[in-house]
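S.K.: Residue-level listing of the chains:
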Amino acid sequence: MARYLIIALLLFSSSSILAADAPDLEDQTRAVSTDLRCVVCQNLSVADSPSDMAQQMRAIVREQLQAGKTPQEVKDFFVSKYGEWVLLKPATHGFSLLVWVVPFVALLIGLGLGVFFIRRWAAKKRAAPPAAADPKLLARVREEFANAEPEELDLEDPSPRAQLLQERSRLYADLKELEFDYQAGKLSQADYVDLRRDIETKAATVLGNLDEMAVSAARRPQAAKETEVVQPKPGLRGWQVAAGGVFLLIFGLTLGVVLTNSLKPRGGEGDSITGDFLTGTGAPGMGNVAALLQEGKTAFDKQEFSKAIEAFKKVLVAEPNQPEAHSYMGFILMQAGHGDGALMAFDKALTQAPNLPMALWGKGMVLYQEKKDFAGARVVLEKLLQLTPQGPERNEIVKVLAEIPTGNQKPQPTAKAAPPVAASSAQISGRITIDPKLKASVDPNATLFIIARPAAAGGPPLAVKKIDRPTFPLPYSLGAENMMTQGMPFSGKMNIAVRLDKDGNPTTRDAGDLSGDYKKNPVEVGTKNVDVVLDQLAK
Amino acid sequence: MAWRRLIITLAVIAPVLWLLVFGFQRDARYIKTPLIAKQATPFAVTLFDGGKLSLSDLRGKAVFLNFWASWCPPCREEARDLEAAWQKVKDKNLLFLGVALQDTEKDSRAFLEEFKVTYPNGRDESGKVAVDYGTWGIPESFFIDPQGRITYKHVGAIRAALVVSKLEEAAKGIVSAQEGKGDVSPVR
Chain V
1 MARYLIIALL LFSSSSILAA DAPDLEDQTR AVSTDLRCVV CQNLSVADSP
51 SDMAQQMRAI VREQLQAGKT PQEVKDFFVS KYGEWVLLKP ATHGFSLLVW
101 VVPFVALLIG LGLGVFFIRR WAAKKRAAPP AAADPKLLAR VREEFANAEP
151 EELDLEDPSP RAQLLQERSR LYADLKELEF DYQAGKLSQA DYVDLRRDIE
201 TKAATVLGNL DEMAVSAARR PQAAKETEVV QPKPGLRGWQ VAAGGVFLLI
251 FGLTLGVVLT NSLKPRGGEG DSITGDFLTG TGAPGMGNVA ALLQEGKTAF
301 DKQEFSKAIE AFKKVLVAEP NQPEAHSYMG FILMQAGHGD GALMAFDKAL
351 TQAPNLPMAL WGKGMVLYQE KKDFAGARVV LEKLLQLTPQ GPERNEIVKV
401 LAEIPTGNQK PQPTAKAAPP VAASSAQISG RITIDPKLKA SVDPNATLFI
451 IARPAAAGGP PLAVKKIDRP TFPLPYSLGA ENMMTQGMPF SGKMNIAVRL
501 DKDGNPTTRD AGDLSGDYKK NPVEVGTKNV DVVLDQLAK
Chain R
1 MAWRRLIITL AVIAPVLWLL VFGFQRDARY IKTPLIAKQA TPFAVTLFDG
51 GKLSLSDLRG KAVFLNFWAS WCPPCREEAR DLEAAWQKVK DKNLLFLGVA
101 LQDTEKDSRA FLEEFKVTYP NGRDESGKVA VDYGTWGIPE SFFIDPQGRI
151 TYKHVGAIRA ALVVSKLEEA AKGIVSAQEG KGDVSPVR
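Those protein sequence lines, which keep their order, are chains V and R. For the first sequence, my numbering begins at 1 and goes up steadily by one. For the second sequence, my numbering begins at 1 and goes up steadily by one.
Be aware that one or more of the hints could be misleading.
[As the list claims (entries may be wrong)] Ranges between beta-carbon positions, derived for each pair:
id, chain 1, residue 1, chain 2, residue 2, range
1, R, Leu19, V, Leu537, 51 to 59 Å
2, V, Glu152, R, Leu17, 54 to 62 Å
3, V, Asp76, R, Gly51, 31 to 39 Å
4, R, Gly51, V, Lys465, 51 to 59 Å
5, V, Ala67, R, Gly50, 23 to 31 Å
6, R, Glu114, V, Ala67, 35 to 43 Å
7, V, Gly244, R, Gln39, 51 to 59 Å
8, V, Gly238, R, Leu17, 18 to 26 Å
9, R, Leu47, V, Phe95, 36 to 44 Å
Calculated directly from the structure, the hints in this document are not laboratory data. Remember, predicted model here, so these are calculated numbers, not experimental data. For each residue, glycine too, the CB sits at the ideal point set by N, CA and C.
Isolated chain V (complex conformation) (with noise of 0.2 Å):
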């Protein structure tokens, strides 16, 4: 029995001893991964962030410590990766010690100031022993207070003498009511005579300036009133003012310019939140994003291109992923011959909603028109076709895919490959004229640009005509030959619009730029008399 004892608490105390020299890989992968930190997450670790990277990194851990990595060799390889950035308590060794070291030098700095700022303060406090008084100004201090009268005095005159005029009355004030309390028997004989002392003693000084005061004053009878004006009056100098409102600016500059620069606006949920409070760009409300989005519509459809990029913009820096705004920032770059930045916005947009039609629209366009990308606008256009329900739209997609070529080939133009006879009549066509009161703000030096816009959907404009240095009256036509984008058939209702650009620049509308609609808009392609006025001046 004893025996089977023995080896019970044998096998009893190895497997201890064995499980002491290997604790469990979970806790050995968790306190390595407490210590090191999320890239992804900010100041969460390794070990509590929930995030897929986090996941492969515990993995790691788990990994090397199995291979038989000491948890320190497992740190020093991430550290290897991503720097000390990644562990979550900063080395203390190099340069990181000075994050350990500084806080406590910056608090015993902070002590020791304290520490001197007190004494000096309390030193300044204790009142030095009286010097030995005049034995002749204590006579006349004793013989005053015996004979002393109650003294009217200006308590609202700031001069010096009736400062000291008032020390003096109160002085002989605490005299006697020294006198009273030691009659009285409140107080002991020794603290009496202390006391009476003490304030004799001050009350003397009082004196002895008040007698310098009237001898200077008689030596310099007209410079009096200057010297007490020139004594130094209590509060803050001139430097202490200057430093402090040095501080403030400088302060207030690194909070005003440097703190919103530096700050971006939340760009994903991992992102800072102070960027949106303080710059106040980022995260306006969705009512706030609807309306920009609106804003930028509204501008676009106007042609006011420069300020429907800003507005645009600032929806996507509150949605950096708003698939709209990225639209219409496309068709912009599309319309300006940025066909590459135009291909990126639409990527943009399908990344975050794949079945946008006006994304799907101009990438299919984009690579058709710009890219020749026949095979890739197809993909994108026949993908539009199975979203779009019947009507125009879908016939007009089912249109430009009958245009796109097959293979390598050359795509038709299509107003080119269109009977004559069609693409005459697929026109409209009148006369442009200057409002004669504007006539003295023509630039001879203008492009003159005339827009088709569909009437029903708004949007882009569906063509184009520029004609730099125009003279007027100016007839002029508008045809399939002038649409943005090649292949779309000009038919249907527009409105037009005209515009005497002073720098050419359709994305900018200047003072001085020209602008006019048709008064009956909208119009049928085919129409022909449709005059525009040039009657609105920018300013």
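Fit chain R to the known structure of chain V by using the hints.
M.R.: Just chain R now, with coordinates in the frame of chain V:
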């Protein structure tokens, strides 16, 4: 006396202001890599075309290594640029390698098809390669010289011209002092 006080006041205020400016100008999310001028960690990935590619097989060539994911907008932003850069350099002794991370195979393949990517691409299924290269935001691009040393790192979308010039520098063994930064998506 006044000057002494002024100097003491400024001596107290200046470090506090410096700390304030330093703190606000730092991007707390940004992790500066310690890997530049260090040897690139060797790894092997299975390519989407079924083949295998090991970094050690590429010794003697300058390599452009790009980490990406189909869900990351800046990756889409740079995809065409990368392919354009590849078309420019593919006949030289330079190699591109894309590594998809935190992505499904289906989505990665769709991405490659959408952007008509022709250079070799593989998947980092376990995330180990990403950690080996200290990735924290994608896309991240590394330029490795023929001796296997990392010469430049770019976090965020990168343009074709920069890819070509940095790859040419890598081919000559020129190490950049600073890493580059563009639009970036934090990894998940």
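S.K.: Confirm or reject each hint.
M.R.: A quick look at each hint next to the structure:
1. R:Leu19 - V:Leu537: 51 to 59 Å: Once the Cβ atoms are compared, 55 Å apart, the range 51 to 59 Å for Leu537 (chain V) and Leu19 (chain R) holds.
2. V:Glu152 - R:Leu17: 54 to 62 Å: Given a distance of about 56 Å, which is inside 54 to 62 Å, the answer is holds.
3. V:Asp76 - R:Gly51: 31 to 39 Å: 34 Å, holds
4. R:Gly51 - V:Lys465: 51 to 59 Å: Holds - the Cβ-Cβ distance for Gly51 (chain R) and Lys465 (chain V), about 54 Å, lies within 51 to 59 Å.
5. V:Ala67 - R:Gly50: 23 to 31 Å: 30 Å, holds
6. R:Glu114 - V:Ala67: 35 to 43 Å: 40 Å, holds
7. V:Gly244 - R:Gln39: 51 to 59 Å: Given about 56 Å between the Cβ atoms, the range holds.
8. V:Gly238 - R:Leu17: 18 to 26 Å: 23 Å, holds
9. R:Leu47 - V:Phe95: 36 to 44 Å: Between Leu47 (chain R) and Phe95 (chain V), where Cβ atoms are some 42 Å apart, the hint holds.
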